[in-house]
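Asks: Model the full assembly from the supplied sequences, consistent with the hints where possible.
6 protein chains.
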Amino acid sequence: MNPQTRAQLAKVSTATLCTALFKRGLRRQYLQNVQPLNPGLPNMVGEAFTLRYIPAREDLNTIEVFKDPQHPQRAAIEQCPPGAVLVIDSRGDARAASAGGILVSRLMKRGAAGIVTDGGFRDSPDIAKLPFPAYHQRPSAPTNLTHHHAIDINVPIGCGDAPVFPGDVVVGDAEGVIVIPAQLADEIAAEATEMTAFEDFVTDEVMNGRSIIGLYPPTDERAKDDFAAWRRVKGR
Amino acid sequence: MNPQTRAQLAKVSTATLCTALFKRGLRRQYLQNVQPLNPGLPNMVGEAFTLRYIPAREDLNTIEVFKDPQHPQRAAIEQCPPGAVLVIDSRGDARAASAGGILVSRLMKRGAAGIVTDGGFRDSPDIAKLPFPAYHQRPSAPTNLTHHHAIDINVPIGCGDAPVFPGDVVVGDAEGVIVIPAQLADEIAAEATEMTAFEDFVTDEVMNGRSIIGLYPPTDERAKDDFAAWRRVKGR
Amino acid sequence: MNPQTRAQLAKVSTATLCTALFKRGLRRQYLQNVQPLNPGLPNMVGEAFTLRYIPAREDLNTIEVFKDPQHPQRAAIEQCPPGAVLVIDSRGDARAASAGGILVSRLMKRGAAGIVTDGGFRDSPDIAKLPFPAYHQRPSAPTNLTHHHAIDINVPIGCGDAPVFPGDVVVGDAEGVIVIPAQLADEIAAEATEMTAFEDFVTDEVMNGRSIIGLYPPTDERAKDDFAAWRRVKGR
Amino acid sequence: MNPQTRAQLAKVSTATLCTALFKRGLRRQYLQNVQPLNPGLPNMVGEAFTLRYIPAREDLNTIEVFKDPQHPQRAAIEQCPPGAVLVIDSRGDARAASAGGILVSRLMKRGAAGIVTDGGFRDSPDIAKLPFPAYHQRPSAPTNLTHHHAIDINVPIGCGDAPVFPGDVVVGDAEGVIVIPAQLADEIAAEATEMTAFEDFVTDEVMNGRSIIGLYPPTDERAKDDFAAWRRVKGR
Amino acid sequence: MNPQTRAQLAKVSTATLCTALFKRGLRRQYLQNVQPLNPGLPNMVGEAFTLRYIPAREDLNTIEVFKDPQHPQRAAIEQCPPGAVLVIDSRGDARAASAGGILVSRLMKRGAAGIVTDGGFRDSPDIAKLPFPAYHQRPSAPTNLTHHHAIDINVPIGCGDAPVFPGDVVVGDAEGVIVIPAQLADEIAAEATEMTAFEDFVTDEVMNGRSIIGLYPPTDERAKDDFAAWRRVKGR
Amino acid sequence: MNPQTRAQLAKVSTATLCTALFKRGLRRQYLQNVQPLNPGLPNMVGEAFTLRYIPAREDLNTIEVFKDPQHPQRAAIEQCPPGAVLVIDSRGDARAASAGGILVSRLMKRGAAGIVTDGGFRDSPDIAKLPFPAYHQRPSAPTNLTHHHAIDINVPIGCGDAPVFPGDVVVGDAEGVIVIPAQLADEIAAEATEMTAFEDFVTDEVMNGRSIIGLYPPTDERAKDDFAAWRRVKGR
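Chains as they are written, first to last, in the working numbering: chain A, 9 to 244; chain B, 9 to 244; chain C, 9 to 244; chain D, 9 to 244; chain E, 9 to 244; chain F, 9 to 244.
I should point out that these hints are in silico values taken from the structure, not numbers from a laboratory.
Fair warning: there could be bad hints in the mix.
Note: identical chains are not told apart, hence a pair may lie in one copy or across any two.
[To be verified] Pairs of lysine-lysine residues, derived as BS3-like cross-links and limited to a Cα-Cα distance of at most 30 Å, are as follows:
| # | residue 1 | residue 2 |
| --- | --- | --- |
| 1 | LYS137 | LYS75 |
| 2 | LYS242 | LYS31 |
| 3 | LYS117 | LYS242 |
| 4 | LYS19 | LYS242 |
| 5 | LYS232 | LYS117 |
| 6 | LYS19 | LYS137 |
| 7 | LYS75 | LYS19 |
| 8 | LYS137 | LYS242 |
| 9 | LYS31 | LYS19 |
| 10 | LYS117 | LYS19 |
| 11 | LYS232 | LYS75 |
| 12 | LYS137 | LYS232 |
| 13 | LYS137 | LYS31 |
| 14 | LYS75 | LYS31 |
| 15 | LYS75 | LYS117 |
Replies: Shown next, in the form of structure tokens:
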């Protein structure tokens with residue numbers, strides 16, 4: 009990812025990014041039903057590296073399988089590139105964990121940018137204390153083997169009813185997670201940065217008592233002038 | 009609303025109000041699946057002012073529609089009376105936002121008493137920091153246009169599977185939100201105030217080790233006497 | 009319960025317990041969709057004492073029924089033994105409360121170890137402040153009479169899609185709640201204690217930058233040696 | 009059950025019975041999400057005899073348990089009285105069967121009036137061919153042991169979110185199933201019979217082109233007169 | 009509606025109409041979870057006339073309310089124009105009926121084209137025998153008063169998560185129901201008629217053993233020629 | 009597949025197969041929420057050939073994509089081997105179709121054994137008339153592009169919350185669909201054939217008035233003798 013893009017995405021909200029994608033006809037890039045374990049962190053930004061689960065078959069998911077160093081869940085943790093976000097397709101099923109505290113810690117130490125599942129994490133109280141962005145549906149203590157069979161690494165997946173392709177740019181904030189198609193990342197980051205400046209201006213005006221009519225969107229010419237003045241003052 | 013009613017409702021819980029309504033045969037006035045973004049605030053109390061969404065049709069919900077000063081979402085924000093609560097029928101669909109930080113801020117500045125949706129808010133981390141009661145199902149970053157078409161202002165609606173008529177009295181606390189039919193507000197407020205005194209007495213007794221049998225409800229005469237004494241001491 | 013078992017269970021996580029049960033073929037002992045109101049407390053540990061609700065019939069669930077000292081909800085609160093956990097089968101229905109602040113307070117004062125429902129509690133903000141473990145699905149202000157008819161005390165029930173037999177050992181942490189069949193409690197507690205030592209060792213190693221391959225599980229002989237050394241140093 | 013009551017209930021619809029119960033404040037006696045396997049049969053009418061399932065625990069639900077002649081599922085089939093309806097609380101969970109073709113056949117041969125579950129039946133194509141009323145949510149081939157543990161016979165249960173007490177009168181038609189509290193059965197049967205006569209009259213009139221205004225309900229005096237005449241002609 | 013449009017829509021499928029709307033960016037005009045009670049009938053075609061329900065409030069929904077000739081449910085039945093389809097917003101809630109056999113019969117006699125709800129109908133076995141298109145989610149015997157409060161006639165609504173505006177063209181077949189925005193009806197009807205001819209040609213070819221590659225869509229020139237020949241032979 | 013195995017599986021029920029798999033610890037091989045469009049056909053038996061969908065991204069799922077002869081949905085139809093069953097992972101999402109009448113017809117003509125999705129089919133009334141087994145959740149007219157992006161052919165998938173590996177043996181009857189792990193197919197087919205003989209014997213006995221106690225399972229020695237005699241008479 010372009011370093012400027014990464015820097016810009018670190019400072020815009022998923023809400024603003026949703027609108028920028030909506031303008032381009034992309035309506036389902038926001039992950040449904042996924043929330044941060046540790047909402048106080050800066051934005052998560054990174055390319056998607058994926059793990060795919062299918063429903064578990066009991067004979068293939070005994071506790072012994074973790075002894076295989078190629079087990080896809082463990083392999084994903086060790087192969088996810090620094091700066092990337094591990095996104096897990098758990099079919100929205102939080103009855104068993106997608107991963108736990110030890111694996112998430114290892115992923116953090118390896119330099120990943122974050123981890124996301126549409127299922128749940130176990131050891132969630134521990135994960136919530138790490139300085140590492142993690143998003144899930146809800147806590148889930150049972151080992152992944154209980155309901156999930158790890159099958160694939162870095163293939164296109166669904167997560168939270170959104171399509172996720174390896175290399176897409178994943179952004180998370182205290183609200184949730186959005187996936188930006190790789191080829192749009194630069195332009196979306198730039199546009200969202202501009203939008204954010206305008207929204208910050210509007211917020212200032214609203215807090216000063218101004219009506220949103222004519223201001224948001226700026227159908228009134230004066231709103232445009234005021235924004236230009238605000239930018240000069242604020243240096244944005 | 010009668011100022012005394014408003015003052016009384018500011019000091020009772022939605023749980024107590026549910027029971028007072030239950031005694032009158034009203035069993036579904038509590039909003040299901042709606043929670044506060046900022047649970048540390050005092051009670052929200054105000055008359056319902058409503059906004060109704062239907063499912064979005066793509067050609068009618070482009071980003072351009074916000075340029076219309078009559079767009080019902082924007083109009084609702086500017087027309088909701090001071091002291092009222094804006095209640096939004098989002099059909100329980102939180103896949104897209106019902107409103108965002110800027111609009112909620114404007115509503116606050118205009119003097120509204122709070123905002124409620126059975127869908128979700130975007131910019132929820134910002135809204136959670138405002139000194140303004142807001143209740144939703146879960147955070148949702150996508151713009152309302154993605155799934156919602158704003159159609160009506162101040163008509164009867166459903167919200168959280170409860171019926172809401174304009175002018176009904178809406179009360180929210182750290183637990184959730186309840187809707188009191190307008191004509192019952194005064195008597196319910198008075199009755200709930202009395203019930204709250206009794207419940208506070210019972211809580212004191214229970215914390216001192218007393219059994220609930222005979223005390224809650226006070227089938228034992230002594231409980232009634234003790235309550236009378238407690239009221240004298242407490243001045244309630 | 010064996011005091012050593014109780015002491016051990018106070019120091020292990022529900023995630024670790026899930027794995028110990030999974031190894032024995034028990035895959036559904038973790039309660040789905042149940043969360044702590046007060047996640048900062050030490051583990052909840054106690055034998056299950058149960059209350060069963062069926063759907064309410066309106067003529068049998070008027071406000072008057074609480075005057076009966078034998079009403080099963082009130083009786084359960086007064087009969088639950090000290091050290092036990094009251095587990096309530098609410099059929100996963102949180103539209104009305106399973107219990108409220110006064111009853112939970114009384115249960116606490118009577119020395120119970122905690123309370124669990126797969127429905128919701130009312131007065132949840134108050135309950136969240138008690139030094140007493142309580143777990144539910146979500147807050148719910150309506151009185152239990154609105155949707156629940158209390159029918160049985162201390163019979164086998166389902167809670168959170170898990171089977172719960174009276175006397176089973178219930179453990180809760182900041183993640184959730186698990187039910188251990190009574191006859192397995194001692195061996196599971198011992199095994200989980202050993203597993204916890206190993207997991208703590210692994211966490212230390214991972215935080216020091218070690219790969220999970222060969223370490224977790226310890227297929228590499230060196231991992232076993234390092235763990236033995238770690239135990240000597242840590243005195244565990 | 010009074011034979012006249014049984015005869016009357018055989019000729020009225022669950023819809024009419026719902027309204028008769030609604031008039032008495034009973035709003036949840038109709039079983040939600042339950043449908044007939046064989047909708048061409050006459051009404052099912054009988055007293056409720058119940059079976060309660062809780063979630064299965066794997067060690068208690070091996071295939072061997074059926075060798076126990078006291079296994080509650082098998083015992084329920086052999087103990088359900090002739091003329092009664094076996095109503096099963098499957099917690100609305102149709103992932104595994106509540107019963108199968110052989111057991112349903114045996115129940116039929118024993119003279120029961122029907123069988124109802126809020127889960128599913130296995131061998132449903134076979135059951136659909138029996139001259140025996142059976143109602144479920146959807147077909148489900150897995151043996152009950154997969155998700156259900158049979159625990160109790162003839163205790164109060166929930167089924168389809170309705171309360172069911174042993175001895176309540178259960179009526180099923182091609183639409184669904186309703187539960188009438190035992191003490192109301194006679195008066196409800198009589199009232200529903202009268203209502204059915206009126207509804208049949210109204211249907212005749214509507215089919216002849218008459219408006220429903222003034223007719224249904226008969227606020228117009230002429231409607232009452234016409235009904236009286238119709239009854240004389242029809243001998244009802 | 010243009011009579012030719014009505015005639016054309018009577019002979020195309022909802023599946024074909026979905027594709028024609030999809031090409032114009034309209035992705036949510038098909039009603040989710042709605043099925044025909046009587047799938048053997050010809051297509052239903054008519055302009056939407058709507059009825060809106062909100063959740064019932066017990067004091068406003070006693071059995072007496074039907075005595076009011078202006079009650080919106082009864083009024084809708086008597087006001088729906090001949091040739092129109094009555095579409096009911098039941099908020100997807102089938103716990104109580106949207107209407108029953110008598111009202112549906114009256115609507116049929118008045119010349120309406122059909123009736124649709126995203127809830128359920130009572131007397132569904134009777135309705136299934138009428139020569140009148142009716143679509144719902146599932147049978148539901150309880151009177152509408154149990155959960156629905158009729159509030160509005162002929163306003164924009166949601167039904168089956170689709171937007172429905174009065175005057176939109178509603179088409180139903182044995183699969184389900186679709187809503188065509190009024191201004192697109194003519195062009196969609198014409199385009200779908202052409203598409204249907206092509207699909208019938210393709211079906212004939214496929215049944216004769218031809219591969220779909222190059223044929224569907226007709227990227228192979230020969231497919232276009234064959235279709236032209238087929239049209240000449242078939243006179244379409 | 010062994011021809012004898014195929015022949016045996018054609019004559020046993022999915023219910024019996026569930027039990028045989030349950031005995032081996034496999035509890036989730038039955039597809040949840042999947043039903044036959046044409047329940048009157050003989051059993052469907054074939055090896056699984058799979059198609060995987062992820063959520064649609066609007067820019068990648070325009071109507072133009074079908075022009076690509078490699079589009080995975082179209083390729084799957086043309087590549088599925090004769091005698092195989094095409095099993096589609098639609099993530100349980102029936103808001104858009106998994107396939108339609110033309111593609112299913114082509115698959116039938118190519119000699120496939122059947123088609124299964126955990127979503128829905130469009131043109132379902134046409135598919136229901138084909139002499140070809142098809143199973144889905146419910147009818148769904150919108151083109152697959154509306155919500156599904158075809159991504160992979162013949163990889164392991166989930167369908168109806170069951171794990172499906174290419175080559176697994178898929179069996180469908182009038183009740184539903186089950187997946188037998190490839191390596192177990194022969195032994196399961198043989199065992200189920202034996203079980204079916206016994207169940208047919210039991211059904212005969214039950215229809216003659218015999219109790220299930222001692223008979224099913226045959227804990228009574230006489231039951232075993234009677235079964236042996238029955239087999240001799242029936243030649244099974």
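Asks: State the violated hints by number, sorted upward, taking the hints as numbered earlier in the document.
Replies: No numbers; nothing is violated.
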